[in-house]
Amino acid sequence: MRKSLSCFKYQSNNAYKAKNKLSILVYQATLITFLSSFCLADVADSHTKGTMQQITQVQRISETRNEGAQLNRRGLQQLNTGQFRQALQSFEKALVIFKNIRDEQGKGAILNNIGEVYRNLGQYSKALEFYQQSLGIRQKISDIEGKAATLNNIGLLYNGLGQYDEALKYYQQALAVVKQISNTVGKGRVFNNIGLAYDNLKEYDKALEYYQKALDIAREIDDKAGQGQTLNNIGAVYSSLQQYAKALESFQQAVVILKTINDIADVGQTLNNIGFVYKKQGQYAKALDYYQQALAIRQRIGDTVGEGLTLNNIGAAYNSLGSYADAEKTLLAAIEVWESLRTRQLTDDQKISIFETQAFTYRFLQEALIGQNKITTALEISERGRARAFIDLLASRTKTSIADTAPQSSTPSIAQLKKIAQQQKATFVEYSVIDNSELYIWVVKPTGEIAFKKVDLKSLKTPLKKLVETSRRSLGVMGAVAKERGPRIENPPLPSPETQKRRLQQLHELLITPIANHLPKNPSDRVIFIPNESLFLVPFPALKDANNKYLIEKHTILTAPAIQVLNYTRKNTETLNIASLQPGDTLLVGNPIMPITGIPPVQQPPLPGTEKEANKIAPILNTQPLIGKQATKSAVLQKISTAKIIHLATHGLLYGFGERIPGAIALTPDTPGVNEGLLKTTEIINLNLNADLVVLSACDTGGGEITGDGVVGLSRSLLTAGAESVIVSLWAVDDSSTSDLMVEFYRQLQQNPDKAKALRQAMLSTMKKYPHPIHWAAFTLIGNAE
Numbered sequence: 001m002r003k004s005l006s007c008f009k010y011q012s013n014n015a016y017k018a019k020n021k022l023s024i025l026v027y028q029a030t031l032i033t034f035l036s037s038f039c040l041a042d043v044a045d046s047h048t049k050g051t052m053q054q055i056t057q058v059q060r061i062s063e064t065r066n067e068g069a070q071l072n073r074r075g076l077q078q079l080n081t082g083q084f085r086q087a088l089q090s091f092e093k094a095l096v097i098f099k100n101i102r103d104e105q106g107k108g109a110i111l112n113n114i115g116e117v118y119r120n121l122g123q124y125s126k127a128l129e130f131y132q133q134s135l136g137i138r139q140k141i142s143d144i145e146g147k148a149a150t151l152n153n154i155g156l157l158y159n160g161l162g163q164y165d166e167a168l169k170y171y172q173q174a175l176a177v178v179k180q181i182s183n184t185v186g187k188g189r190v191f192n193n194i195g196l197a198y199d200n201l202k203e204y205d206k207a208l209e210y211y212q213k214a215l216d217i218a219r220e221i222d223d224k225a226g227q228g229q230t231l232n233n234i235g236a237v238y239s240s241l242q243q244y245a246k247a248l249e250s251f252q253q254a255v256v257i258l259k260t261i262n263d264i265a266d267v268g269q270t271l272n273n274i275g276f277v278y279k280k281q282g283q284y285a286k287a288l289d290y291y292q293q294a295l296a297i298r299q300r301i302g303d304t305v306g307e308g309l310t311l312n313n314i315g316a317a318y319n320s321l322g323s324y325a326d327a328e329k330t331l332l333a334a335i336e337v338w339e340s341l342r343t344r345q346l347t348d349d350q351k352i353s354i355f356e357t358q359a360f361t362y363r364f365l366q367e368a369l370i371g372q373n374k375i376t377t378a379l380e381i382s383e384r385g386r387a388r389a390f391i392d393l394l395a396s397r398t399k400t401s402i403a404d405t406a407p408q409s410s411t412p413s414i415a416q417l418k419k420i421a422q423q424q425k426a427t428f429v430e431y432s433v434i435d436n437s438e439l440y441i442w443v444v445k446p447t448g449e450i451a452f453k454k455v456d457l458k459s460l461k462t463p464l465k466k467l468v469e470t471s472r473r474s475l476g477v478m479g480a481v482a483k484e485r486g487p488r489i490e491n492p493p494l495p496s497p498e499t500q501k502r503r504l505q506q507l508h509e510l511l512i513t514p515i516a517n518h519l520p521k522n523p524s525d526r527v528i529f530i531p532n533e534s535l536f537l538v539p540f541p542a543l544k545d546a547n548n549k550y551l552i553e554k555h556t557i558l559t560a561p562a563i564q565v566l567n568y569t570r571k572n573t574e575t576l577n578i579a580s581l582q583p584g585d586t587l588l589v590g591n592p593i594m595p596i597t598g599i600p601p602v603q604q605p606p607l608p609g610t611e612k613e614a615n616k617i618a619p620i621l622n623t624q625p626l627i628g629k630q631a632t633k634s635a636v637l638q639k640i641s642t643a644k645i646i647h648l649a650t651h652g653l654l655y656g657f658g659e660r661i662p663g664a665i666a667l668t669p670d671t672p673g674v675n676e677g678l679l680k681t682t683e684i685i686n687l688n689l690n691a692d693l694v695v696l697s698a699c700d701t702g703g704g705e706i707t708g709d710g711v712v713g714l715s716r717s718l719l720t721a722g723a724e725s726v727i728v729s730l731w732a733v734d735d736s737s738t739s740d741l742m743v744e745f746y747r748q749l750q751q752n753p754d755k756a757k758a759l760r761q762a763m764l765s766t767m768k769k770y771p772h773p774i775h776w777a778a779f780t781l782i783g784n785a786e
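Under the UniProt record's numbering, think of the first position of the sequence shown as 1, with each following residue one higher.
Derived PhoX-like pairs (lysine-lysine); straight-line CA-CA distance at most 20 Å: (1) LYS549 x LYS769; (2) LYS246 x LYS206; (3) LYS768 x LYS549; (4) LYS445 x LYS521; (5) LYS501 x LYS554; (6) LYS202 x LYS213; (7) LYS554 x LYS445; (8) LYS445 x LYS425; (9) LYS616 x LYS769; (10) LYS419 x LYS445; (11) LYS501 x LYS466; (12) LYS454 x LYS374; (13) LYS329 x LYS374; (14) LYS629 x LYS616; (15) LYS126 x LYS93; (16) LYS458 x LYS280.
No wet-lab data here; the hints were simulated from the structure.
Turn these sequences into a full structure, and let the hints steer you where they fit.
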């Protein structure tokens with residue numbers, strides 16, 4: 001539980017030496033989380049000048065300004081004591097006063113402090129809105145200290161959302177400003193926050209370096225609050241490094257200091273941290289004692305986010321004791337807290353980030369339920385804890401919800417999950433990785449039968465994520481993600497056949513063998529895999545059983561981020577009929593004039609194989625392809641919303657084009673320039689598609705940022721935009737073999753409108769010409785098969 005510190009602003013011409021505190025939740029993988037806080041005590045008292053004739057007016061303005069200052073001080077005191085609603089009322093009244101007397105400095109300070117209240121309340125979009133207003137005013141009037149403080153607080157907000165790199169950008173800007181004006185207090189605060197960001201990025205040496213700088217300054221200026229909070233953060237780093245004696249020493253020092261200044265909120269944080277250290281040492285009774293003390297404080301002061309964190313930690317401790325019923329009750333309470341935060345107005349990006357910091361609670365609850373043999377309830381929680389932001393987006397764009405009447409984010413029941421399996425005519429296989437020690441696997445059959453298996457991961461010689469990576473390398477896929485579709489690989493640097501076989505069989509034994517008897521015997525029956533964490537990178541078609549058979553030879557395979565997602569993407573009742581397609585029903589693109597991307601700028605290489613691919617597919621789909629200079633971004637956007645089939649054979653990019661969210665499709669630029677001609681994920685998500693099928697015949701188009709919400713990238717944005725299903729790739733695909741596979745896919749689709757079956761047959765056909773899985777196993781179908 002780390003603490004983020006806001007800058008202090010001191011003013012000489014009135015009693016404005018207050019500081020304002022602010023709470024913001026930050027997480028790390030070890031579950032130490034700290035409600036960071038401090039914001040800024042910031043009020044401006046502009047000097048007034050006037051002539052003797054203006055003295056009455058000046059006195060009136062001064063009295064009014066003093067009234068605003070008093071309201072601000074009251075708001076700061078209320079914020080310090082956790083009275084967030086009352087603080088907001090005080091600040092809003094002060095804002096009216098400063099607006100009326102046109103005091104821009106005061107207005108900028110109050111807008112900042114209102115932002116801090118909303119951040120404490122977990123309303124991050126509103127907080128950012130007020131911070132930006134404050135920053136704009138402070139830049140305009142050259143309020144340098146105020147600018148530093150607001151930059152710092154925006155950094156705190158992003159830190160709380162788990163966007164640590166973004167937080168560092170704002171902290172560094174704030175640090176440059178406080179150094180410029182020799183603000184020692186502010187410098188100490190920003191040092192602490194930079195340390196916090198590095199801490200969350202697990203760069204512990206850098207974190208300790210910046211924390212120590214912050215502590216030295218806090219001691220130099222006798223800043224008790226800064227000392228206590230920085231000692232808290234240092235203790236948390238030592239806890240992460242498993243140096244528990246040093247951690248407890250730092251935490252105990254922090255508690256003593258924080259109690260002397262009656263800093264109740266931070267005492268609660270530190271007590272929570274001490275509980276965590278005792279839990280890590282197996283002293284569960286002591287851990288629960290400190291957690292309960294922390295919980296009492298956080299509930300009393302209305303610290304909602306801190307309450308959720310401590311409830312989570314209490315539940316985890318009960319799990320360790322085998323008290324699963326107590327754990328279940330406590331973790332359900334924690335989830336209610338988390339979900340109350342996510343119902344507030346947040347952007348999709350913010351929902352993804354904040355859920356990523358909360359996903360562990362759902363996994364702990366699954367563990368508690370499985371401990372009580374509540375198999376189906378655990379499956380409900382597994383579904384409840386995945387793809388939440390994605391489902392919110394899908395639900396907001398369709399009138400249909402899981403229960404047909406439920407609002408977005410509704411929690412699916414077992415009956416509803418069974419109904420989706422029946423509608424899909426498919427067997428679902430859902431995976432959940434529990435703390436890298438266990439793997440839970442549920443099988444949901446279209447008959448309604450549910451099977452469950454638990455796999456021990458502790459016996460593996462390597463972590464599951466590493467095993468997935470080595471299995472991909474055994475196929476010749478370098479690293480976790482690929483970079484571009486390229487020319488045919490004549491002599492790929494592939495591992496030996498025996499190594500490849502062993503790796504693929506090891507994954508099969510782990511993921512498939514435990515539930516193989518519950519899978520359909522008919523190869524044409526669909527199996528939909530619901531991965532979790534690194535399992536999104538698994539090439540399921542290429543897994544090999546003990547008899548040396550690939551999984552695609554035995555099953556028709558699809559994937560999805562959650563069972564519920566398929567309920568939202570299933571819109572059309574008509575079966576896709578290739579023969580009835582009209583020329584305007586298909587958007588087919590091949591080998592655009594490639595855009596210039598990256599730093600330094602480089603033009604993406606042409607893909608002549610994609611041009612041949614598009615020309616071969618065109619007569620099957622009764623359309624004319626957009627080739628070369630015809631395949632401009634504007635031409636594609638003109639046709640994309642009405643097309644029933646969209647096939648884009650070009651480069652797919654993950655990163656390097658100036659967007660935080662991964663994913664872009666390379667098209668012919670309409671105008672010259674770096675990154676022109678890219679259709680980005682952030683643009684796709686706002687389209688209104690009516691496509692039954694989107695095929696991204698490019699490299700690694702199924703990649704992206706793996707989160708608790710699934711893979712955030714191109715496939716997610718296309719499904720959100722309205723596509724019923726997408727076909728994407730898991731690595732850099734070969735130009736020649738991919739063209740053959742895609743042409744065969746559409747030939748099969750002519751014969752059978754089932755997209756999953758058509759893709760399976762195309763893989764089997766391509767396998768005969770190109771036996772190595774790198775040529776045929778990259779593509780996966782996400783969404784509905786029919």
